[in-house]
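Protein chains: 2
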Amino acid sequence: MFKPLPVEVSGERFTAVYHLRGSQQEAYEAAREICLEQTVELPDGLVPPGDIREHIVGRIEAFASVGDGIYRADISYAVELSGFELPQLLNVVFGNTAMKANIRVVRLDLPDVLLRAFKGPRFGREGLRDLLGAPHRALLGTALKPVGFPAHELARFAHDFALGGVDVIKDDHGLANQPIADFYERTRRCAEAVAEANLQSGGRSIYVPNVSGPVASIFDRAMFAKEAGVGGIEVAPGLVSYDVMRQLAEDDRLSLPVFSHPALLGAYLISPGHGFSYFALHGQIARLAGADAVIYTNYGGRFPTTPQDCRDLAAGTLTPMSHFKTSFPMPGGGMSLDRAPEMVEFYDRGVILLISGGLFEAGPDLIDNARRFRELVEKMG
Amino acid sequence: MFKPLPVEVSGERFTAVYHLRGSQQEAYEAAREICLEQTVELPDGLVPPGDIREHIVGRIEAFASVGDGIYRADISYAVELSGFELPQLLNVVFGNTAMKANIRVVRLDLPDVLLRAFKGPRFGREGLRDLLGAPHRALLGTALKPVGFPAHELARFAHDFALGGVDVIKDDHGLANQPIADFYERTRRCAEAVAEANLQSGGRSIYVPNVSGPVASIFDRAMFAKEAGVGGIEVAPGLVSYDVMRQLAEDDRLSLPVFSHPALLGAYLISPGHGFSYFALHGQIARLAGADAVIYTNYGGRFPTTPQDCRDLAAGTLTPMSHFKTSFPMPGGGMSLDRAPEMVEFYDRGVILLISGGLFEAGPDLIDNARRFRELVEKMG
Chain A
570 MFKPLPVEVS GERFTAVYHL RGSQQEAYEA AREICLEQTV ELPDGLVPPG DIREHIVGRI
630 EAFASVGDGI YRADISYAVE LSGFELPQLL NVVFGNTAMK ANIRVVRLDL PDVLLRAFKG
690 PRFGREGLRD LLGAPHRALL GTALKPVGFP AHELARFAHD FALGGVDVIK DDHGLANQPI
750 ADFYERTRRC AEAVAEANLQ SGGRSIYVPN VSGPVASIFD RAMFAKEAGV GGIEVAPGLV
810 SYDVMRQLAE DDRLSLPVFS HPALLGAYLI SPGHGFSYFA LHGQIARLAG ADAVIYTNYG
870 GRFPTTPQDC RDLAAGTLTP MSHFKTSFPM PGGGMSLDRA PEMVEFYDRG VILLISGGLF
930 EAGPDLIDNA RRFRELVEKM G
Chain B
570 MFKPLPVEVS GERFTAVYHL RGSQQEAYEA AREICLEQTV ELPDGLVPPG DIREHIVGRI
630 EAFASVGDGI YRADISYAVE LSGFELPQLL NVVFGNTAMK ANIRVVRLDL PDVLLRAFKG
690 PRFGREGLRD LLGAPHRALL GTALKPVGFP AHELARFAHD FALGGVDVIK DDHGLANQPI
750 ADFYERTRRC AEAVAEANLQ SGGRSIYVPN VSGPVASIFD RAMFAKEAGV GGIEVAPGLV
810 SYDVMRQLAE DDRLSLPVFS HPALLGAYLI SPGHGFSYFA LHGQIARLAG ADAVIYTNYG
870 GRFPTTPQDC RDLAAGTLTP MSHFKTSFPM PGGGMSLDRA PEMVEFYDRG VILLISGGLF
930 EAGPDLIDNA RRFRELVEKM G
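Order-wise, the sequence lines are chains A and B.
The numbering of the first sequence is my numbering, which starts it at 570 and goes up by one.
The numbering of the second sequence is my numbering, which starts it at 570 and goes up by one.
Here chain A stands alone, though its shape is the one from the complex (with noise of 0.2 Å):
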């Protein structure tokens, strides 16, 4: 049916790890039919020869067992087919096969001329730790909350959480721009009552509002929470897009750290057999949008993320990706301040402990509780 036409390629390839469940039989098929669904989506029998299926086609570089009726394949694609665009790049490594069962996106291998085209986080881990002065021991982060509170009241807690010595003050993801608290007030008295508290303690704590929203506003939203003086962005790839988040780290005039929301993204993460790892999603692909801190849900809290899961993510906020910075983790999602300490242990300090339901939780005054989670931090070094 086709003509074998020539293309021109590289030869410059990027290469998916998946994991693959079935017999290796299945795994081995599955392993096939990636190549071609998420390239020139033909029937193998279609595919024109010569440069299409030489070059265009995927093409299984290893397959092994990894036990446990998993199997591990590494496929490459031309450089070529991402476009160095962002939405692409995610559309060739999983796009179509999103729709089918037992494959699990395990880590990406981009080489540096496809790294070339992001910029990565701006900040990342030290750019951070230089902003809010903390070069060595834990960060301490919390959510302002609830929903339906008014702007000054949301600013009150701010205050006493940078008082008491919390690093970061985000909002929590459900504060968007709704008629109460609106994203604008909210914004400008948070940043106030941070900067106020700053100039009180000597610290250096930030307020992070969430700019999610409707994409034609949230570079302006995100604009105006910069001149009101916060200190980063908070943003939900799974609400706006990985891209979105991308345009906003690498935007000069911004130049914010930003903190990447988990919001909807948990379909990519709950099933182990499908998806995406913690170390691709949340490692890998939120510094390729640029994320400087991945905010996601800690083991043994409210949500069934295990250590494992966490270990594996915090592996991807640091492995080696060209000139790109490392992220910090910034597990939450049910901690209580008695677990401080355990978490700094388990990511070795290099980490920002969300607490907030907790912190509210641990007495009548915020700035003491937010005094005893800084104490907590510093025990541990």
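Hints are not guaranteed to be accurate.
No distinction is drawn between identical chains; accordingly, a pair holds when it is met within one copy or between any pair of copies.
Think about it this way: if two alpha-carbon atoms lie no more than 20 Å apart in a straight line, the pair counts; the simulated DMTMM-like pairs of lysine to aspartate or glutamate are [claimed, not checked]:
| no. | residue 1 | residue 2 |
| --- | --- | --- |
| 1 | 572 | 729 |
| 2 | 572 | 937 |
| 3 | 572 | 930 |
| 4 | 669 | 881 |
| 5 | 572 | 722 |
| 6 | 572 | 934 |
| 7 | 948 | 911 |
| 8 | 894 | 699 |
| 9 | 688 | 820 |
| 10 | 948 | 907 |
| 11 | 795 | 751 |
| 12 | 948 | 937 |
Just so you know, these hints were derived from the structure itself, not from any lab.
Given chain A, put chain B in place with the hints provided.
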């Protein structure tokens, strides 16, 4: 801890219907957790009494067994929580809860006051039928491929398909803006080729390029396509977000039919106990985001979609939603020409049949293949 503060809300609420798996007690507990997780994100004991508990926390309006260890919970939320913005609406419905197992959003019940914030599909089924001059019969669709072929070759395919009577000729979703057949050249050539074929045949076929790409370029690409004479645009909300699709659909300068592609969305659908139902995601949410047609994988192809999923989806494209127009199901994913009659019958002509690999495979002459496809469909009335 928290003061009981007054909250101004209208009293209007929207409802998300969840299916919860487990024992009755587990399911009811999960429903109660959703009410908190999706709103105040506080443990029950911390929720301030008064307006926050009464109006802001989600409310279980109904709870019942629907058999097979599945329970249905109808949970309502104050419309104000959505901020009348699509990302935040999806966030309230499933944001954090997506990180928990055994919970599926099966439908949304949205009051007029909320739906008025969105335009919905601009053309809908009737509008598309008008554009294509096909008031009654099933519509024919196909995809240009494979990636790697030059633009003039893809344009030749487009020409032949149009001449043979295929209504909607779209890019394969793997065609983005790669150096080979870049977006601009491909769009220009394919739009021209289809226009030429229409002139020859008196037909009204449309070319639908894939505009999915970096958010900073996507509106430019769409406007370029409009000026090149395309008849619609293909957008993958899993890659660029539902809100970007909505913005494209609602743009009066653009005013083009929008075809939603399911790349990366599979993770929300693949597990019957998690994510969104086909009704909610590809029916209701796609329409909230302005999709005039929704591409997905049909049952009996190379994807695990079931006939029940497809019926569910089709019902979602038609379900009344205030002023919203309906949308078209566009099933594909491994369909061959001989499946056409069965598909027309299954969807009762309310369908755009997406046959691409199968159309290339049907014989060496693409015009002939397209004519056979058209005849098969016309025979069904």
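Fill in: Hint numbers contradicted by this structure
none
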